[in-house]
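Protein chains in written order, with full-length UniProt numbering: chain A, 1 to 159; chain B, 1 to 430.
Hints were generated in silico from the structure; no laboratory data involved. We put the CB at the ideal spot given by N, CA and C, even for glycine. Worth double-checking, as some hints may not be accurate.
[Stated by the list, open to error] So the derived list for chain A, only partly shown, Cβ under 8 Å to chain B, looks like this: (1) Y63; (2) V80; (3) Y91; (4) T92; (5) T93; (6) L109; (7) F149.
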Amino acid sequence: MDKNIKLPETEEGTVLFKTDPIIIKHHYEVDYLHSYAQDSPFFAGLANRKLLGSRCGACAITYATPRGHCMECGGATEWVELPQSGRVHTYTTCHFGGEAFLKETPFTLVLVEFDGVDTLFLSRLLGAEGDEVSIGMPVRARFLRNSKFKATDVYFVPA
Amino acid sequence: MRPVYMIAGGITKFAKALPEKDFRLMVKEAFDYALADVPALRRQDIDGSVCSYFSDHFTRQLMAGAMVQDYLGLNPKPSRRIEGGGATGGLCFQSGWEAVASGRMEVSLALGFETMSRVNTWKGNEFIALASDTNFDYPVGGFYTGYYAMMVRRHMHEFGTTVEQMARVAVKNHVNALHNPYAQRPGRLTIEDVRSSPMVATPLTILDCCQMSDGAAVAILVSEEMAQKLGVQPVRITGVGCGTDAMRMADRPHGKVPLLPHENEADYADLKYPGVHSFRGGRTAAALAYRMAGIADPGRDLDFVELHDAYTSSEIQTYEDLGLCRYGEGGSFVDSGAPFLSNLDYGLEFAADGRWPRLPVNPSGGLLACGHPVGATGLMQAVFAFWQLQGTIARHLGDPTLQLPDPKRGLIHSHAGTGTYVTVSILERG
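Model the full assembly from the supplied sequences, consistent with the hints where possible.
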C-alpha cells in the first residue's frame, strides 16, 4: 500500500465559458470505420469515372443511386451505368451549412435528371453561379482524378 | 381500440438557449404545469410515459429519457423512447395514444424535449443533416435547408409559387406569435423584411426558416373512464395517421396521387407525383387520419391546423398534402388569406378568392415563430390544439387574441426529413 499516492497534476484546464450556471466546453471526436457495404461498387465506379445506378428487373425502375434491392418490390437490382449527361431538375445555392461544409460556402446543389432513369441524382454544380443556373439546363459529370471514395468524387458542370 | 382523450398539456418557453435548466428540469416544468391543470389527477394515476427527443448528440447523453423518468418520480413505471427525426413529437403523441387505445394504460404521459443550444448553430445543422443519407446526401450537401430549397425551387417551377407567397407565411406565423408568450421569435414582419434578411439557401432566407431551440412539452392522455372521473374538459383524439417516404428525396419514383375523399383523379391528370415538390408521406398520414375521424373535406371539416412549418415553403407544400387546397394551389391559398386569423392585422392585402373558407393555420405561430426544439415540437402542437379546443387559450397564454370563437376540430401535423416520416392527428372537442 502507498498511503501518499496522488493523482498527477496537469496543466490542461477546463475551458470555462461562464458561471451561474457553469458552462464548460467539452470536446468530443470519434473515428468511424464506415463501410459502404453493398453500395461499394458505386464508389469504386466513381474512381473509374463511371456513374453506376440500379435497375430492378421485375419493376423496370431504374434508380439513379445504388440500391441493392428495389424500393417498390424488394427484388434484387442490377448495376447499370448511368449517362454522364443530364439536366438540372432543381437547384439551390447554399450560403450557410453544417459545420463541415461552412468553409465551402457558397456552393450549389443540383438534382440531376437523366434520360431513361426514373429517379434523380444529388450532386454539386460548379461553373455556374446564381442566375446562370436554371431548371432544364444541360449538365455533365466530372470526376476527381484522385478518388476520395466519397459521393463528391463526382460533380457536375454546365454541358 | 377504445376512445382516447387528452386532458392536460404543458410547455416551457421555447428559447434560443435555456442554459439554467437541463432537459430534465424543462420537462419537469411542463409536467408540473399540466398536472396542476387537473387537480384530481394524482401522480400515481399515471401508468407510464413515452419520451420524445430527436438526437443524443444534442445532449451528449444516451438514454436521456430514463433520466427524465426518474427526475419526474415515475420509476418504476413503464417508459420508452420514441425517435423519428422532426416527427419525433408527433410519433410520441401517437404512441401515447396507442398505449391508452389498446387498453394497456389508463393514463399515459407523452413528454418531449430538445436542448439544441448545447452546440453552435452550424454544428446543430450538421447533427440534423446526419438524419439524411450519410453515404450520398450528407457528404454532398450536409444541410437540410439546402434540401428544402431545392424542393421549393421545383414547386415554384411546377406551380408558379412565388417567394412573396412564402414570405406571407412568415408574416402570418410571426404576427400570430406576438400573442403567444411561449414563442421564441414573435415579430411584426413585412414581406420585404423576409426577402431582405440573410439568404441561407436560395430562395430561402433566414426568416423563411425555423430556429433551433431549447424547450419541452408534455401531453397527458387518458381513457374515457378516466376523463369522466377527472371532471375536466377533455379533448378527444379521433384520428391518427402516419406516412413515410424514401429517406432520399432524389429516390422518389413517380406514381398516382393518393386521393382524399373530396378529390378526383382528373384533378391531378398531369401531375408527376410525389416529385420533390410534394410529400407523399404527409398525404398518406392525412388520408389515414381523415378516414378514422370521418373527415370528408378537410378544408371545411377542420376549424384550425397546427402544421410543421419548418420552412415557409414546407407550410405551402403541406397545405396541399393535407388537402386544404389542391396540389399547386398552395401559393394562391396564402394569397387568399384563408390560413390567416380573421381578428389580426397582418399589414397584408388578400386576393378576393372565394375558393376556400377561412381555416387558420398555425395560430400558435408554428415552428417558424415558436422555434423547433425537435422532440418537444409535435407535443407543443398538441398542447396548443388542446387549449384551443378547450377554449382556454386566454388562461394559458394570458391573452385571448389567438382563441378561435368556437373550434370543434383541429389537426396537428409532425414531419421528419424531407417528408420521410409524417404524422397527422385529429383532436375534437368533448
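Checked hints:
1. The beta carbon of Y63 of chain A is positioned within 8 Å of a beta carbon in chain B (closest approach about 6 Å), and the interface hint is therefore held.
2. Interface hint status for V80 of chain A: violated, as the beta-carbon distance to the closest one in chain B is roughly 15 Å, over 8 Å.
3. At a threshold of 8 Å, the smallest CB-CB gap from Y91 of chain A to chain B is about 6 Å, leaving the interface hint in force.
4. Look at T92 of chain A: its Cβ gets to within about 4 Å of chain B, closer than 8 Å, so that hint holds up.
5. Because the beta carbon of T93 of chain A sits about 5 Å from the nearest beta carbon in chain B, less than 8 Å, this interface hint is met.
6. Hint status for L109 of chain A: holds, given a least beta-carbon distance of 5 Å to chain B, under 8 Å.
7. Violation of the interface hint for F149 of chain A is found here, the shortest Cβ-Cβ separation to chain B being roughly 10 Å, above the 8 Å cut-off.
The structure fails hints 2 and 7 (numbered hints given earlier, in ascending order).
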